[in-house]
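2 protein chains.
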Amino acid sequence: MDFKLELEKQGRLGKQAARRLAVMASGEKNAALLAMADALQAKQMVILQANAEDVARAEQRGISAALLDRLRLNASRIADMAEGLRQVASLPDPIGEVLGMWRRPNGLEIGKVRVPLGVIGMIYEARPNVTVDAAGLCLKSGNAVLLRGGSEAISSNLAMLRVLVESGEAAGLPAGAIQMVTTTDREAVQAMLRLNRYLDVIIPRGGAGLIRTVVENSTVPVIETGTGVCHTYVDDGADLAMAEEIAFNAKVSRPSVCNAMETLLVHRCVAKAFLPKMMERYHAAGVELRGCPETQKYHQAVLPVTEADWATEYHDLILSIRVVEDLDTALEHIARYSTKHSEAIVTRSYERARRFQREVDAAAVYVNASTRFSDGFEFGFGAEIGISTQKLHARGPMGLAELTSTKYIVSGDGQIR
Amino acid sequence: MDFKLELEKQGRLGKQAARRLAVMASGEKNAALLAMADALQAKQMVILQANAEDVARAEQRGISAALLDRLRLNASRIADMAEGLRQVASLPDPIGEVLGMWRRPNGLEIGKVRVPLGVIGMIYEARPNVTVDAAGLCLKSGNAVLLRGGSEAISSNLAMLRVLVESGEAAGLPAGAIQMVTTTDREAVQAMLRLNRYLDVIIPRGGAGLIRTVVENSTVPVIETGTGVCHTYVDDGADLAMAEEIAFNAKVSRPSVCNAMETLLVHRCVAKAFLPKMMERYHAAGVELRGCPETQKYHQAVLPVTEADWATEYHDLILSIRVVEDLDTALEHIARYSTKHSEAIVTRSYERARRFQREVDAAAVYVNASTRFSDGFEFGFGAEIGISTQKLHARGPMGLAELTSTKYIVSGDGQIR
Numbered sequence: 001m002d003f004k005l006e007l008e009k010q011g012r013l014g015k016q017a018a019r020r021l022a023v024m025a026s027g028e029k030n031a032a033l034l035a036m037a038d039a040l041q042a043k044q045m046v047i048l049q050a051n052a053e054d055v056a057r058a059e060q061r062g063i064s065a066a067l068l069d070r071l072r073l074n075a076s077r078i079a080d081m082a083e084g085l086r087q088v089a090s091l092p093d094p095i096g097e098v099l100g101m102w103r104r105p106n107g108l109e110i111g112k113v114r115v116p117l118g119v120i121g122m123i124y125e126a127r128p129n130v131t132v133d134a135a136g137l138c139l140k141s142g143n144a145v146l147l148r149g150g151s152e153a154i155s156s157n158l159a160m161l162r163v164l165v166e167s168g169e170a171a172g173l174p175a176g177a178i179q180m181v182t183t184t185d186r187e188a189v190q191a192m193l194r195l196n197r198y199l200d201v202i203i204p205r206g207g208a209g210l211i212r213t214v215v216e217n218s219t220v221p222v223i224e225t226g227t228g229v230c231h232t233y234v235d236d237g238a239d240l241a242m243a244e245e246i247a248f249n250a251k252v253s254r255p256s257v258c259n260a261m262e263t264l265l266v267h268r269c270v271a272k273a274f275l276p277k278m279m280e281r282y283h284a285a286g287v288e289l290r291g292c293p294e295t296q297k298y299h300q301a302v303l304p305v306t307e308a309d310w311a312t313e314y315h316d317l318i319l320s321i322r323v324v325e326d327l328d329t330a331l332e333h334i335a336r337y338s339t340k341h342s343e344a345i346v347t348r349s350y351e352r353a354r355r356f357q358r359e360v361d362a363a364a365v366y367v368n369a370s371t372r373f374s375d376g377f378e379f380g381f382g383a384e385i386g387i388s389t390q391k392l393h394a395r396g397p398m399g400l401a402e403l404t405s406t407k408y409i410v411s412g413d414g415q416i417r
Numbered sequence: 001m002d003f004k005l006e007l008e009k010q011g012r013l014g015k016q017a018a019r020r021l022a023v024m025a026s027g028e029k030n031a032a033l034l035a036m037a038d039a040l041q042a043k044q045m046v047i048l049q050a051n052a053e054d055v056a057r058a059e060q061r062g063i064s065a066a067l068l069d070r071l072r073l074n075a076s077r078i079a080d081m082a083e084g085l086r087q088v089a090s091l092p093d094p095i096g097e098v099l100g101m102w103r104r105p106n107g108l109e110i111g112k113v114r115v116p117l118g119v120i121g122m123i124y125e126a127r128p129n130v131t132v133d134a135a136g137l138c139l140k141s142g143n144a145v146l147l148r149g150g151s152e153a154i155s156s157n158l159a160m161l162r163v164l165v166e167s168g169e170a171a172g173l174p175a176g177a178i179q180m181v182t183t184t185d186r187e188a189v190q191a192m193l194r195l196n197r198y199l200d201v202i203i204p205r206g207g208a209g210l211i212r213t214v215v216e217n218s219t220v221p222v223i224e225t226g227t228g229v230c231h232t233y234v235d236d237g238a239d240l241a242m243a244e245e246i247a248f249n250a251k252v253s254r255p256s257v258c259n260a261m262e263t264l265l266v267h268r269c270v271a272k273a274f275l276p277k278m279m280e281r282y283h284a285a286g287v288e289l290r291g292c293p294e295t296q297k298y299h300q301a302v303l304p305v306t307e308a309d310w311a312t313e314y315h316d317l318i319l320s321i322r323v324v325e326d327l328d329t330a331l332e333h334i335a336r337y338s339t340k341h342s343e344a345i346v347t348r349s350y351e352r353a354r355r356f357q358r359e360v361d362a363a364a365v366y367v368n369a370s371t372r373f374s375d376g377f378e379f380g381f382g383a384e385i386g387i388s389t390q391k392l393h394a395r396g397p398m399g400l401a402e403l404t405s406t407k408y409i410v411s412g413d414g415q416i417r
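Chains A and U are the protein sequences, given in the same order. For the first sequence, the working numbering puts the final residue at 417, and the numbers step up evenly by one. For the second sequence, the working numbering puts the final residue at 417, and the numbers step up evenly by one.
Just so you know, these hints were derived from the structure itself, not from any lab. The beta-carbon is built from N, C-alpha and C at its ideal position, and this holds for glycine as well. Some hints here could point you the wrong way.
So, partial list: chain U residues that the calculated Cβ filter (under 7 Å) puts toward chain A [to be verified]:
(1) L117
(2) P221
(3) R372
(4) G380
(5) K391
(6) S405
(7) Q415
Computed far set for chain U versus chain A, every beta-carbon distance over 12 Å [claimed, not checked]:
(8) R86
(9) L91
(10) S151
(11) P174
(12) T182
(13) R186
(14) E280
(15) G286
(16) Q300
(17) D316
I would like the entire structure built from these sequences, with the hints used as guidance.
Shown next, in the form of C-alpha cells:
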C-alpha cells in the first residue's frame, strides 16, 4: 500500500484508540503493561531471531562497534525492557489527577484535570529498547502511539511490536493503541511530520541531525529533546576537592550522554590551585583537553580551543576549558554557548549560588552537584521519555506527567453570561 | 534596512532584554506597567491622530463597518487599554513561583520554579488593543515581546508602541523589552516564523487563515489559538427552561467570538417539547437555522443543514441543529466535528454529566452552563492572552501562567553520579 494512505489509516485508528485509552481505568492499563512484559520474555526467541537479522545486515554494512552494541539484543536486555514495563505499571496513573479546582463568584465550579495528549508520534534511531519504553510510557499516560524507529532495527522493532500488540490486545487494549510505521522509506518521516489531523505531538529521540530535521519540517507540535552543551563553573573560593569530583564525574562517567559536561569554566583566582591536578586527572583518564591560552600554562597536554569548540557537544572524552575573570564572565559564556540543558556552579558563596540559579537559563541549574543528574529516574519521576530542551510544554527530564495535557471541567446550575 | 537584518537585530536585542526581564523584581515590572498606562492616556492625542490615519486609509479601501469599528480608537477605548495595564500590574507575579520541591535519597534538593518563556512573537490582526494587552501580559510574565500587528492598524500600533517604549524605558525597562515589526511586508511574517534563534514561541491571534499560515509555516513553536466549533447537547430529561437559556446565551450573546455555540444537539425524546419554542426564540432574534430533517418538523424557518455546516465556525447568527438518538450519538458527533474548544451538556443525569465531562475531548467541558464562559477573566485568571486549542503547553484560556516555562533548581553538597 502507498505509505501515505497507510499512515492516514494508522492515524485514524490511533485517534479511535486514543478515545478509548483516555477513559481506561488504571487497573486495565497496568494489566496490559504486565501482560506485555511477560510476553516479551516468553517470546524472546522470536525477538532475538529478528534482532540477529538486523545485526547481520548491520555487520555487512560495516557499522561501528558502538552502534552495533546499541543494536544488539540478548536475554538480559529483553529482561530489562520487560522490567521497565513492570516499573511503569507500578507508577501512579497521571490521568484524572485534579491539578486545581475553584469556585467562581457566579457559582461555577472549575476544575483542571490531567488528560492524555491523544496520539503521540515517536521518531527515534538505532536503539530498539526505545520501542518498548515509549510504548509503555504512552500507554500508561493514556496515549496512543505511532512509532518510527531506525531502519537498522526494523526487524527487531517489528518483532517486538507484534509481541506488544498481541499481548496488549489480549489484555484489553484497543486496536491502534500501539502502531508502527512499517516502511523504512525516509519519505514516511516527512509524511508523519505533516500528520496534523491525527498526531497531537511528535517527540524525536536521537542525534542532532534527526532532531533538526523534525523541528524544521514538522507542522505537528514537537517536543525537542536532547542536545546538551553543559558547563561546570568552579567559583573563586570553591571547595576544590568537591569541584574536582564533580567536574570529573560530569565529564568522564558517561561522556556519550546529553547531560555530560562539555566545558569547564574556572575562576582565575583558583586556576593555579585547581587546574594542574584536575587536568592531570583528566589526562590520565584519556580526556583530550582543549583550553584557552591561560589553561595551557597548567598542563602540557592542552590543545588550543577554537570558537567552534565552545558550541560543540562532543559526546566523547574531549573537554573545553576556559579560565574566566569572574562570575559575570562565566554567566556571559554560558548564555552564549549553552544549549540550556544543564549547568552547574561549584561555590561556597550563598550570593553567587543564588545568582547562578536565578540567572542561568537552562532546564536544570545545579549548585555543588554533577550535571549528570539530569535524568527522569534521578529526579524521582520513575520513568523518562527524554529530556526536553525547549521551553514550551515540558522542560528538562520528562516523565509520565509530561505526556499529558489538561482540560477544564466546568460544573454549573444554569449559568449564562 | 533589509527587513531580515532588522528582524535579526530585533531578535538579538529581545534576547538581551529577556535576560534582564527574567530577573526584574515584581515591583519594577509593575512600576513600568503603571507608567505605561499613564502615558497612554497622557499622550492619547498622538495615538488618536495616528489612528485617524489608519481609519482614513481603511475607509478609502472600503473595508466593512465591523472591521472599521474594531480598528477605531477613542478616548474611552484608550482608557480601557490603560485600565487593562493597571489590572495586569495588580495581578500576582507568576515568575519565581515554586511549583514543587523535593529531596532525593542522595540528599539532592530539587525545586521546580516558574520562569519566563523568553522572547514571545505575537502575530495579530486588526484590533490595535492587542498591542497594549500583549505588551502588558508579556512584560508582567518577564518576557520580551516582538509584536506584528495587522497592516490596517500600523499607524496606531506604531504610535502606541512609541508611547509604551518611551514610558516603559523611563521607568526602568531594558531596551528591546517591547518591539514591533515595522514593515507591513507580508514576507516579514514568514521571516518571523523562522526566527528560531531568537523567538521562544509564537502566538497568533486572529482569523482561521492567519492561524493556519502560522501553524503550517512556523519552525518556532506555536501556541495555536482560536477556532471554536462549540456544541451544546440537550439531554433527555434536561431542565428545558435551563436548556433554553443556556442554548440561547451560547449562540446569541456574542456570536462573533470563538466560545459561541455553532451546533445544538437535542435528544430525540425532548425534541418535540424543546425545539419549537427554542427555534421560535432564535428565529425572533434573527438567527438563521440550519437543521437535520427531523428539526424541520418543528419550525418552518429551518433550512436543510449540509455536511459542511457541521464543521463550520459561523462567527455569526447562524446555528446548526441536529436531533440525536442518545448521548452516544451526541458524543460521536462532537468527536467528529468539534475543534476541541468548549462543549456543553444540559442534563439532570449524574451518570451522563460524568460521562460527558470524562469522554469529551475539549479544552473546557461544561455541565449546565453556557460555553461563553471559556475566557481568562471568567475563569478568574485576571487576564487573557488567547484561548489555546492545542494540547501542548497550554489548553483553554491562557493567563499569565501560560506565558511561562519552568526550570529545575538543584542544590547539592558535592553529589556525583
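Outcome of the hint check:
1. L117: holds (5 Å)
2. P221: Because about 5 Å separates P221 (chain U) from the closest Cβ in chain A, which is inside the 7 Å limit, the hint holds.
3. R372: holds (4 Å)
4. G380: holds (6 Å)
5. K391: Hint on K391 (chain U): holds, closest Cβ of chain A at ~4 Å, below 7 Å.
6. S405: holds (4 Å)
7. Q415: Cβ of Q415 (chain U) sits 4 Å from chain A, so the hint holds.
8. R86: holds (21 Å)
9. L91: L91 (chain U) is indeed farther than 12 Å from all Cβ atoms of chain A, at 16 Å.
10. S151: Given that every Cβ of chain A is farther than 12 Å from that of S151 (chain U), nearest at about 25 Å, it holds.
11. P174: holds (14 Å)
12. T182: holds (27 Å)
13. R186: Since the minimum Cβ distance to chain A is about 19 Å, R186 (chain U) lies beyond 12 Å and the statement holds.
14. E280: Non-interface label on E280 (chain U) holds, nearest chain A Cβ at 19 Å vs cutoff 12 Å.
15. G286: Consistent with the label, G286 (chain U) stays out of reach of chain A, its closest Cβ about 19 Å off (over 12 Å).
16. Q300: holds (27 Å)
17. D316: The claim stands: D316 (chain U) keeps its Cβ more than 12 Å from every Cβ of chain A (closest is about 18 Å).
Hint check: no violations occur; every hint is consistent with the structure.
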